[in-house]
Amino acid sequence: MQTFLLPSRVIIGVLLLGVMVFAQVYFPVLPVPKDNPQTPEKIQLGRKLFYDTRLSADDSLSCSSCHQQQFAFSNAGNAVSTGIRGQKGSRNAPSLGNVAWRKSYFWEGGSPSLELQAMGPLTAHDEMAIEPRVLVAKLQAIPEYQKAFSRVFPEGITMLNVTKAIASFERTLVTNRSAYDKYRAGDEKAMSVAAVRGMELFFGESGDCFHCHNGFNFTTETLHNTGLKKTNPDLGLARITNRPEDAGKFKTPTLRNVALTAPYMHDGSIATLEKALEHYNKGGEDNPNVDMLMRPLGLSKTEINDLIEFLKALTDVEFTRDPRFSAPK
Amino acid sequence: MKKILVGTVFMVASVFGLSSAQNNMVKHDLKINLRVGNAPLELGKTYKTSAGAEYSVDLLKFYVSNVQLVKADGSSHSVPGLSLTSFENAATNSMAGKMLEGGQVYNAKTTQAQTMFSISAPAGDYKGVRFEIGVPKELNHRDASTVAMPLGLESGMFWAWNPGYIFFRIEGKTMVDGKTQPWLLHMGTDNWRLNINQFDLTTNKIKVLVDGKNSTTVQLDLEKIFAKGPNGAASWDLSQPALRVMHGGPNVGQAYLNLLGAWSLAQ
Numbered sequence: 015m016q017t018f019l020l021p022s023r024v025i026i027g028v029l030l031l032g033v034m035v036f037a038q039v040y041f042p043v044l045p046v047p048k049d050n051p052q053t054p055e056k057i058q059l060g061r062k063l064f065y066d067t068r069l070s071a072d073d074s075l076s077c078s079s080c081h082q083q084q085f086a087f088s089n090a091g092n093a094v095s096t097g098i099r100g101q102k103g104s105r106n107a108p109s110l111g112n113v114a115w116r117k118s119y120f121w122e123g124g125s126p127s128l129e130l131q132a133m134g135p136l137t138a139h140d141e142m143a144i145e146p147r148v149l150v151a152k153l154q155a156i157p158e159y160q161k162a163f164s165r166v167f168p169e170g171i172t173m174l175n176v177t178k179a180i181a182s183f184e185r186t187l188v189t190n191r192s193a194y195d196k197y198r199a200g201d202e203k204a205m206s207v208a209a210v211r212g213m214e215l216f217f218g219e220s221g222d223c224f225h226c227h228n229g230f231n232f233t234t235e236t237l238h239n240t241g242l243k244k245t246n247p248d249l250g251l252a253r254i255t256n257r258p259e260d261a262g263k264f265k266t267p268t269l270r271n272v273a274l275t276a277p278y279m280h281d282g283s284i285a286t287l288e289k290a291l292e293h294y295n296k297g298g299e300d301n302p303n304v305d306m307l308m309r310p311l312g313l314s315k316t317e318i319n320d321l322i323e324f325l326k327a328l329t330d331v332e333f334t335r336d337p338r339f340s341a342p343k
Numbered sequence: 068m069k070k071i072l073v074g075t076v077f078m079v080a081s082v083f084g085l086s087s088a089q090n091n092m093v094k095h096d097l098k099i100n101l102r103v104g105n106a107p108l109e110l111g112k113t114y115k116t117s118a119g120a121e122y123s124v125d126l127l128k129f130y131v132s133n134v135q136l137v138k139a140d141g142s143s144h145s146v147p148g149l150s151l152t153s154f155e156n157a158a159t160n161s162m163a164g165k166m167l168e169g170g171q172v173y174n175a176k177t178t179q180a181q182t183m184f185s186i187s188a189p190a191g192d193y194k195g196v197r198f199e200i201g202v203p204k205e206l207n208h209r210d211a212s213t214v215a216m217p218l219g220l221e222s223g224m225f226w227a228w229n230p231g232y233i234f235f236r237i238e239g240k241t242m243v244d245g246k247t248q249p250w251l252l253h254m255g256t257d258n259w260r261l262n263i264n265q266f267d268l269t270t271n272k273i274k275v276l277v278d279g280k281n282s283t284t285v286q287l288d289l290e291k292i293f294a295k296g297p298n299g300a301a302s303w304d305l306s307q308p309a310l311r312v313m314h315g316g317p318n319v320g321q322a323y324l325n326l327l328g329a330w331s332l333a334q
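Line by line, the protein sequences are chains A and B.
Here the working numbering runs 14 ahead of the position in the first sequence, where the first position is 1.
Here the working numbering runs 67 ahead of the position in the second sequence, where the first position is 1.
Rather than coming from a laboratory, the hints here were simulated on the basis of the structure.
We treat Cβ as the ideally placed atom computed from N, Cα and C, and that holds for glycine.
A few of these clues could be false.
Said to hold, decoys possible - In silico DSS-like pairs for lysine-lysine, Cα to Cα no more than 25 Å straight-line:
hint : chain 1 : residue 1 : chain 2 : residue 2
1    : A       : 102       : B       : 240
2    : B       : 176       : B       : 272
3    : B       : 204       : A       : 117
4    : B       : 98        : B       : 204
5    : A       : 102       : B       : 246
6    : A       : 315       : A       : 243
7    : A       : 244       : A       : 296
8    : B       : 176       : A       : 152
9    : B       : 204       : B       : 112
10   : A       : 296       : A       : 315
11   : B       : 240       : B       : 112
12   : A       : 243       : A       : 289
To be verified - Computed, partial: chain B to chain A, Cβ under 10 Å:
hint : residue
13   : 119
14   : 213
15   : 314
Taking the hints into account, I'd like the entire structure generated from these sequences.
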């Protein structure tokens with residue numbers, strides 16, 4: 015018995031190692047800032063904060079109000095989000111899947127880190143609308159948080175430590191178990207025939223999606239004007255650079271779990287994947303800053319359906335149910 | 068690198084502290100009166116714009132930096148340091164009046180004669196003062212998670228979507244179609260650092276006597292924020308969402324021009 019078991023364990027070990035090496039090449043190492051290392055206690059604290067409505071001015075909203083696990087941490091069903099006291103925002107809440115790997119944050123890419131990004135929703139008047147020092151005082155009055163923070167941070171509760179803990183939790187939101195990932199790992203049956211055809215279109219010159227939606231997370235992290243409208247009511251990148259040619263440029267979003275996150279685009283103006291594909295097939299609207307890559311594609315109905323099948327194969331249902339990411343008990 | 072950043076900010080603060088210890092240096096407070104037209108601003112009180120829109124002010128916060136005392140020969144004495152002054156309506160903010168740690172942060176209790184910057188300078192008879200409302204460019208783009216107050220995250224002035232700080236932040240309420248709505252102006256970015264000049268070399272109208280006893284008071288007339296609308300419009304239309312909530316973009320450009328004309332010296 016023993017002699018039989020040992021080799022099979024070795025085999026499993028070798029297989030696991032193989033998968034791990036493969037996974038590492040495919041998914042780059044999780045980027046973690048030196049001054050905010052991941053620890054289990056910090057991640058749990060961040061998770062608690064992410065789901066706690068006391069982080070908003072009137073205790074009505076938490077991060078999870080607009081970034082919901084069942085929708086891959088997007089605000090599906092809402093073109094734009096609604097903040098405290100019913101204040102409507104002007105943008106669509108993106109999925110937080112694999113958010114650790116993003117090179118910049120917000121639709122115009124103005125924030126360099128998850129730590130600093132979190133300041134945005136906490137303080138924005140149309141999101142959680144809380145003054146940093148009010149929040150710090152509020153948390154300091156909660157013994158549970160006093161204890162949890164002092165275990166993780168020598169300085170205890172500060173604004174920076176609130177954002178560090180939340181960022182640590184966000185870094186754990188890894189989505190890599192879609193049908194496409196299984197297909198890539200060698201399970202040829204994981205994707206339908208139509209989805210495989212769609213994949214070829216996606217990564218080929220006829221669909222041309224990969225020029226912007228490339229890599230393991232389906233984004234090159236670059237900003238483009240995709241001719242969503244004829245004008246650019248939301249300035250996008252130009253809000254930061256003040257350059258007219260940057261008006262209407264937005265960060266390329268990930269397409270992982272995209273079937274769960276409708277409506278689409280920075281303003282939530284496209285309701286379905288079918289409509290999104292129509293937009294690309296048409297080459298977008300005639301916008302002065304529209305990207306050179308945007309042009310009529312001449313895709314047939316079947317090809318469009320195949321592309322949609324492929325996008326659906328990027329759904330990671332396990333991610334939306336993973337108990338590690340859900341509201342803490 | 069990060070250590071150096073923190074060190075520099077600290078140095079700015081300590082140079083400021085040290086210089087006051089030198090013999091010929093005296094203290095001189097730069098104070099501010101907030102006005103609405105000719106009247107002192109009351110936080111939370113309802114006012115009307117020239118176009119007839121009702122508004123109130125619940126919060127005003129701004130940075131003062133690059134303070135200079137102008138001498139008779141046109142040269143100036145620069146005063147290092149950066150301060151954050153904050154006026155908050157206690158009715159809407161339970162923390163109003165509480166001091167923040169470190170840096171120079173002034174939390175004003177009333178809207179009149181409040182110190183916004185503590186000058187330390189050689190005693191003398193100066194012809195005026197100039198300063199900027201904003202964070203100097205070299206401090207505006209650092210990693211906000213590594214710097215101390217008044218630039219730390221607790222300042223409430225860090226602009227998460229844009230690498231930089233809000234220089235001038237005003238928030239309040241207005242009525243639109245019978246419903247109370249927030250209005251706010253968050254002005255920042257290196258283009259929109261307000262340069263305020265209050266000096267006069269040719270006449271003797273402005274006197275800034277730095278003798279350790281006096282102070283200088285400037286006035287900010289908030290009514291002037293709404294002086295002109297964007298694109299040549301005669302007035303500011305607070306009912307338009309884009310003119311009610313401003314975090315950058317061309318409308319802030321007009322608010323910036325309006326604000327440039329809102330400062331004067333109190334005599």
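(request) With chain A as the partner, please determine if residue 213 (chain B) meets the hint condition of a C-beta pair closer than 10 Å. (result) Because about 8 Å separates residue 213 (chain B) from the closest Cβ in chain A, which is inside the 10 Å limit, the hint holds.
(message) Check the hint pairing residue 204 (chain B) with residue 117 (chain A) against an upper bound of 25 Å on the C-alpha distance.
(response) Measuring from Cα to Cα gives roughly 24 Å; hence the hint holds.
(message) Given a cut of 10 Å on the nearest C-beta pair, is the interface hint for residue 314 (chain B) held or broken against chain A?
(response) holds, 8 Å
(request) For the pair we were handed, residue 204 (chain B) and residue 112 (chain B), check the Cα-Cα distance against 25 Å. (result) Given that 25 Å is the threshold and the Cα spacing comes to 35 Å, the pair is violated.
(request) Take the C-alpha atoms of residue 296 (chain A) and residue 315 (chain A), compute the straight-line distance between them, and say whether it is at most 25 Å. (result) holds, 13 Å
(request) Verify the proposed pairing of residue 240 (chain B) with residue 112 (chain B), using a straight-line Cα cut of 25 Å. (result) holds, 10 Å
(request) Take the C-alpha atoms of residue 244 (chain A) and residue 296 (chain A), compute the straight-line distance between them, and say whether it is at most 25 Å. (result) The given pair, whose Cα atoms are some 13 Å apart, holds under the 25 Å limit.
(request) Take a quick look at whether residue 176 (chain B) and residue 272 (chain B) sit within 25 Å of each other, Cα to Cα. (result) With a Cα-Cα distance of about 30 Å, the restraint between residue 176 (chain B) and residue 272 (chain B) is violated, given a limit of 25 Å.
(message) Need the status of pair residue 102 (chain A), residue 246 (chain B): alpha-carbon distance at most 25 Å?
(response) Status holds; Cα separation ~15 Å.
(request) Could you grab the alpha-carbon distance between residue 102 (chain A) and residue 240 (chain B) and see if it respects the 25 Å cut-off? (result) holds, 16 Å
(message) Holds or violated: residue 176 (chain B) and residue 152 (chain A), Cα atoms, limit 25 Å.
(response) holds, 22 Å
(message) Next pair to validate is residue 243 (chain A) with residue 289 (chain A); report whether the Cα-Cα distance is within 25 Å.
(response) Since the Cα atoms of residue 243 (chain A) and residue 289 (chain A) sit roughly 14 Å apart, the hinted pair holds (cutoff 25 Å).
This entry does not satisfy hints 2, 9 and 13, going by the numbered hints stated previously.
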